[in-house]
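K.L.:
Each protein sequence line maps, in turn, to chains A and B.
Under our numbering, the letters of the first sequence match residues 1 to 375, in that order.
Under our numbering, the letters of the second sequence match residues 1001 to 1384, in that order.
Among the hints, erroneous ones may be present.
[Unchecked claim] Mimicking DSSO-like on lysine-lysine, the simulated pairs with C-alpha atoms at most 30 Å apart in a straight line are: (1) LYS19(A) with LYS1002(B); (2) LYS131(A) with LYS1344(B); (3) LYS100(A) with LYS1105(B); (4) LYS221(A) with LYS1112(B); (5) LYS1344(B) with LYS175(A); (6) LYS19(A) with LYS1368(B); (7) LYS1368(B) with LYS131(A); (8) LYS1344(B) with LYS100(A); (9) LYS153(A) with LYS199(A); (10) LYS53(A) with LYS1344(B); (11) LYS1207(B) with LYS53(A); (12) LYS53(A) with LYS1105(B).
[What the hints assert, rightly or not] Negatives, chain B to chain A, calculated, CB over 10 Å: (13) PRO1033; (14) LYS1084; (15) GLY1114; (16) GLU1116; (17) LYS1135; (18) THR1218; (19) LEU1380.
Don't read these hints as lab results, they were simulated from the structure.
From a predicted model like this one, the values you see are computed outputs, not experimental measurements.
Cβ atoms here follow ideal geometry from the backbone N, Cα and C, with glycine treated the same way.
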Amino acid sequence: MVEDLKKFEHLLQFKEENKAITVAVGMSGGVDSSTVGYLLKKQGYNVIGITMKHWSGMDEYATDSNSKSCCSLDDIHDARRVCDDLEIPHYVINLTEPFKNIVVDYFIDEYAKGRTPNPCMVCNRHIKLGKLMEAALKLGADYVATGHYARIKNGLLSTGDDPRKDQVYFLSQMKKEYVKYLMFPIGELEKPQVRELAKALGVRVHAKRESQEICFVEDGKYKEFLDTMTNGKISKAGNIILENGTIVGKHEGITSYTIGQRKGLGVSYHEPLYVLKIDSEKNEVIVGSDDKLFRNSVTGSDINLFAVDSINDLDRLQCFAKARSRDRLHKGYVRVLNDKEIEFISEDMFRAVTPGQGLVLYTEDGVVIASSFIK
Amino acid sequence: MKEIYLDNSASTQIDNNVLEYMFQIAKDCYANPSSVHKLGQKSRRIMDESRETIAMFLKVKSRELIFTSSGSEANNLALRGIMKSPKYKGNHIISTKIEHSSVLKTLEDLEKEGVEVTLLDVDKYGNINLEDLTKAIKPSTRLISIIHANNEIGTIQDIKSIGEICKAKNIVFHVDAVQSFGKILFYPEEYNINLMSIAAHKLYGPKGIGALYISSGTKLEKIITGGYQERNRRAGTENIPAIAGFAKATELAYSIIHAESQREKELRDYMETLILEKIPSVTINGNLNNRLSNISSLTIDNAMAESILFNLDLRGICISAGSACSSGTLNPSHVLLALGHDTKMAKSSIRVSLGKFNTKEDIDEFVKQLELVVEQERNLSDLY
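From just these sequences and the hints, can you work out the full model?
P.N.:
Below is the structure:
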């Protein structure tokens, strides 16, 4: 065990001056945040564990942490036990109501409009790095640490080293003035390394499965969720059409579709068809060939600024952009359309640009310049 | 850091005398009280003596006491047992909106089985109106279940009068006395109580043991089936050490019942006066003329109870708010909502409950810290 920890030595350095600093760790019961708790304790900080109780859907007391969604009762229990192991206080902050009103309702509204929502971006801004962080600061925390694979460079968010995990994309809607309270102790590591470190430290959840789905929809069954929450109102059957209006099939509800989707169309045609557009007013899904999915410009609104002070500073800025979390960095420049909207013009093509997702601007090194939602 | 424990209505520290006695019993009396041999009889004797002790303080017969695992189980046995009993007619139960969740949730469950439930409203002090109760009674009313002293706000119901009504109308009367037993001196027979729930851990006894008083002539069906223990009312090998501890705790509580309740009342009143002096915009909930002497339910404007609790905890002070949900977070108290609080007020309310180990020094320190925490909380509320 001691041998295994040698390569992580620099993360385990105790510093006397850290004793005077209180850090609240956002504990999800998962391996990343739990490992952060261990690291900060070893580094000598005064650590407090906090866990958020979010709205978990129809079943108030959904317990199963075997499902792929996060932060169930079992997960809160895991977080508590990790804090017991660390001998640090643990507090559960009840954010059920704001979560429902801000994140869940937004999720439902976006689907109703034919868009594909990104609830994590909204949650990070208003709930996690919003109300949860505020609760931590009220407890006397000087900083709030999370298990995100991210870094802070010159007071700005920056991607971590693991190219497969760009979590700052999801963090990018957070308020700039809160970045100064953040710490990302495992930001420079990659997931396999974190598991290794966790195991060597004796973190009880070191082998726990990652949560991958939306945290408030059990087993990723979001269509059923939307139907239950809206009494089936937004999932009405309609036509699947080509761009010229020709009807090529029927759909069971626009909520089952997202831009670029090929599977599940149930349409036979002489070439593969992909979802190009969703028209919520006419309740139509417009499909077409793959080449129609490519474009070199994306418009964004609900701009959140980091590296610049006003939206006008973005005009003609040469930078990089992602239109999805797993997107590669597209090189290009920004045009400010008006005081609320920007357009990013890329040197190469974006595929399947999806209204509702995030359009995030980065420097070449992965520092977040600004974030917006695709119109 | 010395812990200042002011959450005695949630649970209490086990008295050392009780603890030592329990340890002895656990060590010496390990046989199953149902076994025929000498050692079994030894366990049985302890159980019988314990039962007699508690019965004596309540002035009831020892055969009328059934041990359960908790106050919640006693409530379940009372409600479910009476509704399942072929002796009674009618499928209507009257209770109140401020009952403990073990009553409310059980009633909800019974409703699914076709039982009709009426929950009486309370006034802003937490008292039910006897006229409302009388009006709610109908020919199909089988049972009336009322909490004697409410665990959140301390308000005491007029169970004497309710008992008279039940007797006159021939309705089974159940009282949840979990909070009042050992604090208020009263005798179930004098109030025409048919069923009464109590629990040891509220009076410096162990957790995991409660009891249901079932007056002679009251017939209920068991809900935990198996062996014939507890006069065939509740299956399961009896928890001998805990039963012994319950008896010892009862004895100790009754020996100081008047003096201690007076002492706690004075200390609680002193605390409230101090708080009202030092902290603006605080109101006290409950019937201030008729409530338990150790409880103080306070609504603190412009401050979140959750935050106050956590901050006090970091300073070594334990209080509570609302009811703890199993995730460890707080839900606004249904009792406060029943008083007419809106959610915001309910989320700003804390409960401080004193016990026999609390001193004036504890209270002074608590109020000092509360003042600091509330001020900080109120100032920061604007910032964020």
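K.L.:
Hints the structure violates: just list their numbers, smallest first.
P.N.:
19
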